[in-house]
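Fit chains B and C to the known structure of chain A by using the hints.
Chains as they are written, first to last, in this note's numbering: chain A, 163 to 235; chain B, 1311 to 1648; chain C, 1176 to 1542.
Hints were generated in silico from the structure; no laboratory data involved.
C-beta atoms are modelled at their ideal positions from N, C-alpha and C, and glycine is treated no differently.
Keep in mind that the hints are not guaranteed to be accurate.
Below, a list of computed lysine to aspartate or glutamate pairs in the EDC-like style, where the Cα atoms sit at most 20 angstroms apart [unchecked claim]:
no. : chain 1 : residue 1 : chain 2 : residue 2
1   : B       : 1627      : C       : 1248
2   : C       : 1197      : A       : 229
3   : A       : 222       : C       : 1181
4   : C       : 1327      : A       : 176
5   : C       : 1281      : B       : 1555
6   : C       : 1218      : B       : 1637
7   : C       : 1327      : A       : 197
8   : C       : 1218      : B       : 1575
9   : C       : 1283      : B       : 1637
10  : B       : 1502      : A       : 170
11  : C       : 1472      : C       : 1330
12  : C       : 1283      : B       : 1642
13  : C       : 1281      : B       : 1575
14  : C       : 1472      : C       : 1248
15  : A       : 222       : C       : 1186
16  : C       : 1177      : A       : 170
Restraint ranges, calculated between C-beta atoms of paired labels, are given here [unchecked claim]:
no. : chain 1 : residue 1 : chain 2 : residue 2 : range
17  : C       : 1380      : B       : 1506      : 51 to 61 angstroms
18  : A       : 176       : C       : 1471      : 23 to 33 angstroms
19  : C       : 1471      : B       : 1446      : 48 to 58 angstroms
Facing chain A, a subset of chain B residues (Cβ under 7 angstroms, in silico) [said to hold, decoys possible]:
no. : residue
20  : 1461
21  : 1502
22  : 1563
23  : 1570
24  : 1573
25  : 1635
Okay, here's what each chain looks like letter by letter:
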Amino acid sequence: MCLAVPMEVTEINDFRGIARMGGVSRDVNLMLVPDVKVGDYVIIHAGSAISILSEQEAKKTLDLLGEIGMDSE
Amino acid sequence: MPRADYITLARGGGGRASEELIEEVFIPAFSNAILDTMSDSAIIDAPENGKLAFSTDTFVIDPIFFPGGDIGSLAVHGTVNDIAVSGGVPKYMSAGFVLEEGFPISDLKKIAASMGEAAKSCGVSIVTGDTKVVARGGADKVFINTSAIGFAPEGIKLSPKRVEEGDLIIVSGTIGDHGIAILTLRKGLEFKTEIVSDSQPLNRLVEAMLEAEPDIRMMRDPTRGGLSATLNEIAKASGKGIVIDEKALPIKQSVSAVCEILGLDPLNVANEGKLVAFAPQESAGKVLETMRDNPAGRQAAIIGRVGGAGPGRVEMKTAFVGNRIVEPLVGDQLPRIC
Amino acid sequence: MKYMTEFRDGEIAEKIAGAIKKQSRKKIRVMEFCGGHTISLLKYGIPDLLPDTIEMVSGPGCPVCVTSRGEIDTAIQLTENPDVILASFGDMIRVPGTSESLRQAKAKGADIRIVYSPDDAVKIADENRGKDVIFFAVGFETTAPVTASSIKLAEAMGVDNYFVLSAHKTTPGILGALLAEEVRLDGFICPGHVTAITGTAMYKPLTDACKPCVVSGFEPLDIMSSILSVVQQVEKNVATTEINYRRVVSSSGNPTAQKIMGEVFSPVDAVWRGIGVIPNSGLKPDGAYKRFDACAKFGLKITTDEKETRGCICDKILRGLKKPVDCKLFNTVCAPEEPVGACMVSDEGTCSIYYRFGKEGREVAAR
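Here chain A stands alone, though its shape is the one from the complex (with noise of 0.2 angstroms):
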């Protein structure tokens, strides 16, 4: 369920601003995420960013990935 994607906000003014995902911009709603900065990247859901993403959890679950990998070899 609930397709989204992650997107990086370009833009803030109030609870709306600009998200670009590969070239790509639209107007987002981000009175779901008040804590949001310029340059976050957010999950965008049916127009509304609905989490920040934690760029140091995710290297953290990459690192992980990696040493699943490790383990099975």
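Chains B and C alone, transformed into the frame defined by chain A:
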């Protein structure tokens, strides 16, 4: 009283007002020796040998002006391409217009000029035409039908029946550009992108390809329904299986981004200036090189081969691991949220 | 970091697949609750990478599929008023109600617009002040706060001709229904985007019943590693809620979204297509926002009397009791072009996904 600068019902009445419209809008845009005789039908020279290719298509696109083209250029390219991919050299074209009362004449002039230019660049003459006007609401702005006649040289035998196990499948460039360019203009979607329609003629590309390799099995232009519809048609008509490689598909980053956001599959998205060709394995490299030397084929790529899937089936080796089925689209593709 | 391609690496996937094979001993049935996970599973060919010990079962997590006939009928009924514009997500357009779909109603003259976002519906309302613009709101907790924020947007803009027909559904009720089933499920892959809003507390009844819960993202590596986590919990005989999508999900969820949802909506009983009434599993605009409720404004009530077509086993498929290939209607009379049951109507419905991507489904079709 000066004539209105928009279309009135009188313009389609067949009287003086209709004549003026033709003289004012269409003749300057399309002018050629055959059309200028203004006879009831165009008398054209038949080829000395070979066969005739004949095709028709109707264009109702909304918006009528879009990045990369308009309904006029599209109406020329669409029909030219249908002739071209069947191995014909397009020569003569007819143009029929259904105009909605109130349509601005300035827009019609723009469309006619763009058709004229498109025809010239394809080497096609618009030799006969017709205009009808319907009451406001009876049509949406403007609809165009074009038919074209092409000459098919002796010996051209493009057909899905000739597709063989091991043939390689080549696409002439990036897929999905036209459909996504149009979709992102739709009210309520409104994305800011650089994506433009790929509407362009393919006849010169096809001529070059057939010269390089007359034994190309078949070609088709994947318009509505996109590449998946075309490949499925070919798989069914040839009774062969097809496997394409996701990693090899040329797709613009922005097209693929819009597809991710709206939950669309680029394989199902329309193209208006691309072809897919089936070539014998040995000569596919040569065909590919020839294509890349042509402006309409710069980003051509080998995307798959015949065989490796059950008869009539199309599968895709995903960029991840494993294969998945490629099904033709059901109905039209709508943006989704889940 | 683009947060997508990094999580689609086929080589790492094969290594995770190796780890799953090595560690999985017990035969287990794992439910991916969410239709988005079902799509990813089949689109990326993940079942081919799993050992015979693991059976993946699709759950009721497609909001389009579980939207009831009554809700669709009510939406169509609203469009019979010539002063109404109905705005809908593209997903809902083809879904049949009792006698017709929104697409058929549109063909007969109803003014129905497809939007990507509820905010677009507010915009349509702003541009058409003489009309009543009704947003047909479907979706789980991911989408409900988005609808709620559109209502707040309309309020802030002074757009008083914007209304919401809410067919929103909430997850906790259906989780309880799944536990009550006679089917044996050994673990759950839980929906990442719903949990990003709700947090993880709602999975406690599942872990209390010794069912491991792993909250997962939607990229193939997310799902593969989530399956591995379920396997590891089962093999160790533990059942906890694990977040395997930490880049997006925290255990407490999104407090702002929870607050806005609470302000705008109140819980109501809702009908889930193929399942029936689940108490307090729906949402409607209420309190200070009651005036945005399309049902209240037009004096309509959503009917709750639902009958499925004979032979259709969607109710069982939605609850993981059966698979699409077990259904006699699958790909005989029920196909995406003419859907019969709930699970075929949406692109995210289990039957539709099996039809489009599943080799298993196609092989049944070929027989």
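Cross-check of the supplied hints:
no. : hint                                  : verdict
1   : B:1627 <-> C:1248                     : violated, 41 angstroms
2   : C:1197 <-> A:229                      : holds, 15 angstroms
3   : A:222 <-> C:1181                      : holds, 12 angstroms
4   : C:1327 <-> A:176                      : holds, 14 angstroms
5   : C:1281 <-> B:1555                     : violated, 39 angstroms
6   : C:1218 <-> B:1637                     : holds, 12 angstroms
7   : C:1327 <-> A:197                      : holds, 18 angstroms
8   : C:1218 <-> B:1575                     : holds, 11 angstroms
9   : C:1283 <-> B:1637                     : violated, 30 angstroms
10  : B:1502 <-> A:170                      : holds, 14 angstroms
11  : C:1472 <-> C:1330                     : holds, 16 angstroms
12  : C:1283 <-> B:1642                     : holds, 18 angstroms
13  : C:1281 <-> B:1575                     : violated, 25 angstroms
14  : C:1472 <-> C:1248                     : holds, 17 angstroms
15  : A:222 <-> C:1186                      : holds, 18 angstroms
16  : C:1177 <-> A:170                      : holds, 9 angstroms
17  : C:1380 <-> B:1506: 51 to 61 angstroms : holds, 53 angstroms
18  : A:176 <-> C:1471: 23 to 33 angstroms  : holds, 30 angstroms
19  : C:1471 <-> B:1446: 48 to 58 angstroms : violated, 38 angstroms
20  : 1461                                  : violated, 42 angstroms
21  : 1502                                  : holds, 4 angstroms
22  : 1563                                  : holds, 4 angstroms
23  : 1570                                  : holds, 5 angstroms
24  : 1573                                  : holds, 5 angstroms
25  : 1635                                  : violated, 21 angstroms
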